[in-house]
Amino acid sequence: MPRRDDIKKILLLGAGPIVIGQGCEFDYSGTQACKALKEEGYELVLANSNPATIMTDPEFSDHTYIEPLTPEFIEYIIEKERPCAILPTLGGQTALNIAMKLCENGVLEKYNVKMLGANYDVIKKAEDRECFKKAILKLGLEVPESMFAYNLDEARAASEKIGFPLIIRPSFTLGGTGGGVAHNMEELERVAALGIESSMINEVIIEESIIGWKEYELEVMRDHKDNVVIVCSIENLDAMGVHTGDSITVAPAQTLTDREYQAMRDASLAIIREIGVETGGSNIQFAVNPVDGKMIVIEMNPRVSRSSALASKATGFPIAKFAAKLAVGYSLDEIENDITKETPASFEPTIDYCVVKIPRFTFEKFPEAKDILGIQMKSVGETMAIGRTFKEALQKGLRGLEIGHKGLDNKLNYAEIPDEKIKWRLEEPNASRIFYIKYAMQKGWPVERIAQMTKIDIWFLAHIAQIIDLENQLVEVFAKKKKIPGELLRKAKEYGFSDAQLAQIMGTTEVKVRALRKKKNIIATFKLVDTCAAEFEAYTPYFYSTYESEDEAVLQIEKLTEKNGSPKKKIMILGGGPNRIGQGIEFDYCCCHASFALKEMGYDTIIVNSNPETVSTDYDISDRLYFEPLTFEDVMNIVDIEKPDGVIVQFGGQTPLNLAHRLDEAGVPIIGTQVSSIELAENREKFSKLVTKLKLVQPANGSAITTKEAVKIAEKIGYPVLARPSYVLGGRAMKIVYDQASLLDFIEEAKDVSRGKPILIDKFINDAIEVDVDAISDGKDTFVAGIMEHIENAGIHSGDSACVLPPPTISETIIEQIKKDTCRIAKALGVIGLLNIQFAIRGSKIYILEVNPRASRTAPFVSKATGIPLAKIAAQVMAGKALKEFNLSYDIIKNLKHISIKESVLPFSKFSGVDIVLGPEMKSTGEVMGIGPTVGEAFAKSQMSANQQLPVEGKVFISVRDEDKREIVFIAKKLQDMVFSLAATRGTAKVLRTHGVNTEEVGRYDQGKGDMLNLMTLIRENKIAMIINTPSGEGSQYDMRSIRAAAILHNVPCITTLQGAREAVNGIEAMKAKNFSVCSLQERYIAGRSVECAAS
Amino acid sequence: MNKAILYLEDGVSFVGQSLSTHGESAGEIVFNTAMTGYQEVLTDPSYAGQIVTMTYPLIGNYGVNEEDVESTKIHVKGFVVKEFCRTHSNYRATQGLIDCLNTNNIIAIEGIDTRALTRHLRLQGAMKAIISTEDFDPASLSKKLEQVPSMEGSDWVSQVTTEEKYTWKDSEAKTVKYKIAAIDCGIKFNILRILARLGCQVHVFPAKASAEEIKAINPDGLFISNGPGDPAGVPYVAETVKQFFGKIPVFGICLGHQILGLALGGKTYKMKFGHHGANHPTKDLINGRIGITSQNHGFCVDVESLSKDDIEIVNMNLNDQTLEGIRHKKWPVFSFQHHPEAAPGPHDAQYLFNYFIEMMEKHKKK
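In order, the protein sequence lines correspond to chains A and B. Per my numbering, residue 1 is the first one in the first sequence, and the count goes up by one each step. Per my numbering, residue 1 is the first one in the second sequence, and the count goes up by one each step.
Each pair of labels, with its calculated beta carbon distance range:
hint, chain 1, residue 1, chain 2, residue 2, range
1, B, Gln124, A, Lys114, 48 to 54 Å
2, B, Pro149, A, Glu558, 36 to 42 Å
3, B, Gly23, A, Phe164, 55 to 61 Å
4, B, Lys143, A, Leu412, 57 to 63 Å
5, B, Gly23, A, Lys512, 41 to 47 Å
6, A, Glu558, B, Lys308, 42 to 48 Å
7, B, Lys308, A, His224, 28 to 34 Å
8, A, Lys520, B, Tyr269, 43 to 49 Å
Please keep in mind that the hints were generated in silico from the structure rather than gathered at the bench. Ideal Cβ placement from N, Cα and C applies to all residues, glycine included.
I would like the entire structure built from these sequences, with the hints used as guidance.
Have a look at this one:
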């Protein structure tokens, strides 16, 4: 059956902000779905609150709604757009949960909206653990023994029946939030309480522990004709007990015989049929007892997932695209495999390489949190590497992770690590365990012992041991002969050793190793990812490097040249690598846009990236995709064969920027802003000179290499100062320091991060408004595309701060001045492409805080808010177009009829024990956008989108620092007027009462435990609707920590700045007025432009 | 580790390292794209006379065990891989693959760019090849290859068929409901295991057994097995089979299917590089279902050569539209090109055995 004609208009739900457990893989799946459905001619309505996504680009759907992903708002959209169907299986758990709610509350029925992909019963059966268990047992398959609990008494009873250790999993959550392992009653109570809390239906499953078993996952697709295929099998290196998102995983499965694999395949087919997923992709997880092969079914997701994105990239099989096509009526045999163009999609990919995925953690951002891994996901990103062997892929993956490792190398000297520590690091899963395996092996610990401690299968460990054996051999041979023979060098490259690793072994530089091996003709060859192990001719330009005899990229390039005569000019775009806090989806958005824009201009585009979650690594975004680590060596290997006419380094965040200098030195043609300009902006001293020359003002500052220098500079400038290492993104290790002792602490902490680069010290400007500016320059003209006013004061990282566009409280004069300054800076720096400047404004004084001649985190937000595709224009400018050709004017922004607010989304609930107070180091994982006619409405929407729904009634607890006490009175009064009741600590309460605000007094820590319990109890009993708490210095911050932690646990909005409180009150006002409107971006842009037309 | 060369008929060569077996071995080289199941592949008699290269680069991961065998010995002429696994892991493993190949004196070579080799075979077609650990001279190797008989027209079945008739014994056998005569052209054990589980007592006959010998046991059905080489090289089997048409149900798999095609008046041809893998989609034209199937064949029945009046096409390959299954319009005769018994591969087509059972059931009632 071809596509369905009974539906015309489809509503696609996105996944909202990037959070731990739900990353940009859903932008990838959503974007694929948008493209597929548009291609089929459906009218597409899209809802997503995340402005940094490609899918929310107005070109990808007919009606793009950047609105909160709540049942309420989706109902507004349905009411307005009247879609025939809703497709909820491509937007992660968020979309699935909303669709379930809309079904339960009758909205879908009321508006006659059909559910595509999976219906209510299917989702219920797969997601409700009791239903799922029944279904599995019915099939004669096994599940772990388990019981349900809805309160602590039931949890205790279950533990007595099943016995410790136990796994507690809440139903209906994402990324395993609130789950955990309990070895005793105390742990059980703690984990179960959290789990019941975080489950949408207050349900946890208490389950027999199968920790240490082997873990597998199968990606399954089914069509409406009941054809089922397995796209990919995945085996986890980390055994059961570590969330699969936090595990190193390998594709395909390695240690299953065909018999065992087929049994798992049979089980998957039976399960997807029994659960009844009508069309689309699902993933099913299994655990296998290594001792006797007993197979247990763990869980199933009746939707595309993180693993589907990984499986798509690992095999070349576009799961989400096909899922969308299946959802509208196609069957697998009716869809063509894009890659071979001659075979249908109804086949199972077979691969002839090994894929390794390694999670990227950000524990360094949360020093209070332990880097211990469990069943709750903690990683913020991942990298994928492809090699012909596991050894090669593992080493490529480790260097692609960008955590300072060049492969499976040593950061520590194994001999200096106590055995006891190694033992502990092996036994308790943690973020750096893979390196401790190496240390243990270097100490001579037998593989069997390590296997016993880690529960990692010996297959993986034996391969790691082979890498170490070869390393030892290299060291020995080099010590003896002072050189490494060609054959051995080749073997090292085949084992995935990087030039940098070899340089370390040979006591030389990476560049020299590179030259040496090229002389010996040991050069990387590129192989094709083709879904079929070369059985059919493939047309997809998707490559990975390895050391083999034949290079298919070269063959393909030659063929193209033959076909097209003179080849097109080529531009290579370097991506951002694994997501991390501070560098995420925003940069991928920019890279994709660069590719779109340059293709439009007739260039061939080449993308290099190593992040499987991204849209940029979809093989149809560029003309050729290289799935490779973003290191100098790997990029140069591609440059060698592609010989691009230009390379773009300013779109992928700090990762490619860090390579710029070396690439430039190697003669790679970097287009846009030149490396010298980038360095001028990054070099404090040179930049200060420039600022002085331009007669602009900068906070007093200096940079220091030594501790002594740092202390001297800080004294000269005067505390408080803002200290940070140079060349880092996301304010990594940035801190406001108030005295010399803290400065010394900072320098010690930052050592690892700054790696020999200077430490920057700036005067911290108190109580200033921070402003972010995004602009494009062609070297002559500069266009200021967006000025954003931060809601939080300067001092909070711009990535964590909420910001408003256009700026609501900044005067025309200042705005004009900012525009002028921006243009002058751009010209002086010689910026060609994007530019981001942060200013601080105090009174009428404008300070320049920072200039970044590259794509900023806010570029997509500005593009969505204004309808001006910043990254696209910038890419074309970099390729030689003049800004004049684009007909841009700031009036576009002035004429906008709406206010846009960007709010950040923080991961605190995933890291127990971490304080939620914001500072100069960025901590947010994602962002949302709220759009409305007023600041209040936009803010309220942004809070809802960030899952911080503002209350409309109840009790607000207030505790503010002395400086804020005057101003809080107005806020409190307003709250009182809106019939909130107020509670406050003594000091705040006194001030409020003096000003006639009725306030209940709640005690502080030092006033006795009884009082304190009082407040905690109120939070626990959900009697506090909102908390306003502005912390003063370090001491007081600590006082309120436990309260803030409790607030997070109970999902009570907790506002930590006065400005935030002000906007919250505005937002509450808007919510009380209850006249929210939803409006598509397309409508908003037209509204803005029509004014422009009327004026002219 | 010894240097070894893989030299192809067209002059292309690959150098790698051999395991401990020295010497030379020649045959037709084919690639297999299954990611699991090397033990089944090695012991599949259909690979007799062939050097097999696995497209999956890591081979030997789970060792070998006593159960996953498709015959009593390894049949391949040589084994070509990217990397052999040194430390296997699987609870059922009884031996490492390298040890197994060494003790069976199989010439195996690793360190080969098997993807380049596969691409070459895809473009140029399956061809003769020789692995040598002794002779690295192209001219001399080329000469040696000239002596190797071509797959086309040669009888490989006689080398793998059972010498004596035997009855399959199976631990999972059910109560016997049907007696089957199976002509062993290189039968895979999993076919026997499945038939036993379906309540069949299988009498396995040498390929050259006469129709009379077979009739003597009075079977409920006749099965023609898979096997190596060219169906045209074993005309005697087709002759035997013809004598059962219209008398008892006849079922064929792979080479058995091709032999039936010939016996029914069709023609077979040699494919460019054949189908060897576990991911080939086929469509059952009777019920419309798509199955992912296990395949291993270098010859194919020409659809056009079959009489449309007598024969119905019941199964097609979705990748290249080659013939995957036929049934006779009047007689209870049908056959499949792919392997419903899998091993290695998906079980999607296993239900096809039931057709055979149903035919026998119907026939018995008559």
